[in-house]
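2 protein chains.
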Amino acid sequence: MTNSATDFASLLIGVRRRLDERLPAWLGPRVAAANAVSPEVGTVAEALADLTLRGGKRMRAALVAVGYAAGSTDETIDWTVCEPAMIAFELLQTYLLVHDDWMDHDDVRRGGPAVHAILREKLGPTLFDAGAVLAGDLASGYAQEALFETKLPADRLLAAARAYARVQVEVVQGQLAEMQADRATLGKSGPPASVETVHTLKTASYTTTGPLLLGAALAGATPARTKELESFGLWLGIAFQLRDDVLGVFGDPKATGKPVWNDIREGKRTALVEELAKEPAAALLLAGVLGNANATHDELAAVVRAMEETGARARVEARVRGLCAEAARVLQVMAPTLSPTGHAWLSGAISALGERSA
Amino acid sequence: MTNSATDFASLLIGVRRRLDERLPAWLGPRVAAANAVSPEVGTVAEALADLTLRGGKRMRAALVAVGYAAGSTDETIDWTVCEPAMIAFELLQTYLLVHDDWMDHDDVRRGGPAVHAILREKLGPTLFDAGAVLAGDLASGYAQEALFETKLPADRLLAAARAYARVQVEVVQGQLAEMQADRATLGKSGPPASVETVHTLKTASYTTTGPLLLGAALAGATPARTKELESFGLWLGIAFQLRDDVLGVFGDPKATGKPVWNDIREGKRTALVEELAKEPAAALLLAGVLGNANATHDELAAVVRAMEETGARARVEARVRGLCAEAARVLQVMAPTLSPTGHAWLSGAISALGERSA
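As they're listed, the protein sequences go chains A and B. Everything in the first sequence is counted per the working numbering, starting at 796 for the first residue and increasing by one. Everything in the second sequence is counted per the working numbering, starting at 796 for the first residue and increasing by one.
Just so you know, not all the hints are guaranteed correct.
If several chains are the same, the list does not tell them apart, and a pair holds so long as it fits within one copy or across any two.
Stated by the list, open to error - Straight-line C-alpha distance at most 27 Å; calculated DSS-like pairs for lysine-lysine: (1) Lys-1073 with Lys-1049; (2) Lys-852 with Lys-1063; (3) Lys-1063 with Lys-917; (4) Lys-1022 with Lys-1049; (5) Lys-852 with Lys-1049; (6) Lys-1022 with Lys-1063; (7) Lys-1022 with Lys-917; (8) Lys-1073 with Lys-852; (9) Lys-1022 with Lys-946; (10) Lys-946 with Lys-1073.
Because the hints were derived from the structure by calculation, they are not lab data.
Start from the sequences, fold in the hints, and give me the full structure.
Right, here's the structure in full:
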């Protein structure tokens, strides 16, 4: 492990500790206010708090700090400025996860019940669909409230607000494109969005570019630095998603926490699938198994073997390496004007996101 | 009709004309960008644009201008400052209507198909549920983008952004409270929110207080004026909603554009219903008819008669008059420091919202 990777790992630990302390303090009064409206509104706010506090990797929140460090001319990170935006990104994630899990009928999230599953239990079967959609909407409102608490010169915060709004537009377009590509129901003639377009909008915007640019805006980054970070985030975000695709088939479920081969059963149009579909011999095999919830273990194993044998996996892995190299190239351009912390964290982010095994 | 009412009517006409011109110009590039992602994402953006351009009363957009006039020390309205916020409020309304209509299975909106009905037609039956939720989410992102386009000292815009975020949190809590009060499925012990709590959160925040405070923030209103407008908007918003409740039962469907007695069939817990339920003799009748989709005309007519005979209607009408009087009292306090336009529009808003018959 390089030094930067260690630095990034410590950043993640520090960010998690910070959020474990700040999120309950932020959410507590909101839950109380919701309970004062009615017990059911309180139930919804509690479900949101539950999911948010259960915590993910907090990687997006960490990337807000990375963006801040990269956008600042100063070595010091002003955590009071970063924290509201970090909380906002966690709540944005809650919002998107609530709607996403409800759509995908995924009852489990972060090792516990998804928000719609909590609401089905507590509000009953007739209200939970609408309740889950409104729960997501409420989290979105909370996220905006958190963002605008930031104590900061207003013009910087405004740049951050623009970056934030853009993330929301992009990620939702990405989700729509992905949903429609996966289920391949074409409402109009014309090809669906390519896997990398979906990744750019859905993953890069929301996972890497968005948090980086939000942090950079809060630090008052120059337009040139903003452009560099946007390009850095784009390469890294696509690499992150392609890595995710590979880990979903070839990863160790114990390390990733996700059941292996689920993407294939669910019919996800991943980069691996797209590569395999280019092989005329494999296309027929794929057609029978992809999105087939009843596919047998042997059928799934045959698809996975074909991904290896045709070189589909190798091509995706090579693409990930290429994308990480692009990100490293942008980092090199930025290097002369980065603080040591900014450099170490950006470099560490490449290892952590693009070269991870979990 | 008083002079102020004429002024407010002209304001509404002017705002409608302005939005008819600006909304297509604002939405056009977004629809093009969505189509560039994929044809289906384009379909969703087109459905949003369709509903938004079909137009409602544009009352919330007009109230942004009223808030601006009331918050400004100047007689001139800077429309370039108000317009992005007006567009944002129209898109916020689109967002909330999309989710609301989908939840309520209301296929018709503004004299045409609701967004989920358009998507069911164009994307097919398996995708439209998720499509409708994401469509609302996209409109929410658009609304935020529109708001942050405002050319303005950043601190004023920041105050506006806070007002906007607060509206979203309040309106969603109001919707949750209303949904749960209507369907009376209690997940916890404790009474549901009162009708006026729901009205405060749902209608007052989103219809009156929110737009007024957003406009006031854009004009750089003093904290004192902001407080006055908040109180004005609260009285007026509750009056507006109670008037709506009365018109839903006693209004002329030709004037209101809404089928009469629908609220009763749908089981809405309106102020009329709450008043009637206080009469022991009427409670039994109500229990058999409220929310009963198969209620006969005679049964519905009996409930409506009881609302008259028990004085339930008179009590609600008296409450509306009382609320309008409260708003007028706040207006009187503000009067010495209002511009003539600000005064006329606020006064006209009381007539237009509280005393309307359609």
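Hints, verified against the model:
1. Lys-1073 with Lys-1049: Close neither inside one copy (31 Å) nor across copies (60 Å); limit 27 Å.
2. Lys-852 with Lys-1063: within (23 Å within a copy, 43 Å between copies)
3. Lys-1063 with Lys-917: between (31 Å within a copy, 22 Å between copies)
4. Lys-1022 with Lys-1049: The answer is neither: 38 Å in one copy and 56 Å across copies each exceed 27 Å.
5. Lys-852 with Lys-1049: The answer is within: 16 Å in one copy meets 27 Å, while 56 Å across copies does not.
6. Lys-1022 with Lys-1063: neither (32 Å within a copy, 52 Å between copies)
7. Lys-1022 with Lys-917: Intra 47 Å, inter 37 Å, cutoff 27 Å: neither.
8. Lys-1073 with Lys-852: neither (34 Å within a copy, 53 Å between copies)
9. Lys-1022 with Lys-946: both (25 Å within a copy, 22 Å between copies)
10. Lys-946 with Lys-1073: neither (52 Å within a copy, 49 Å between copies)
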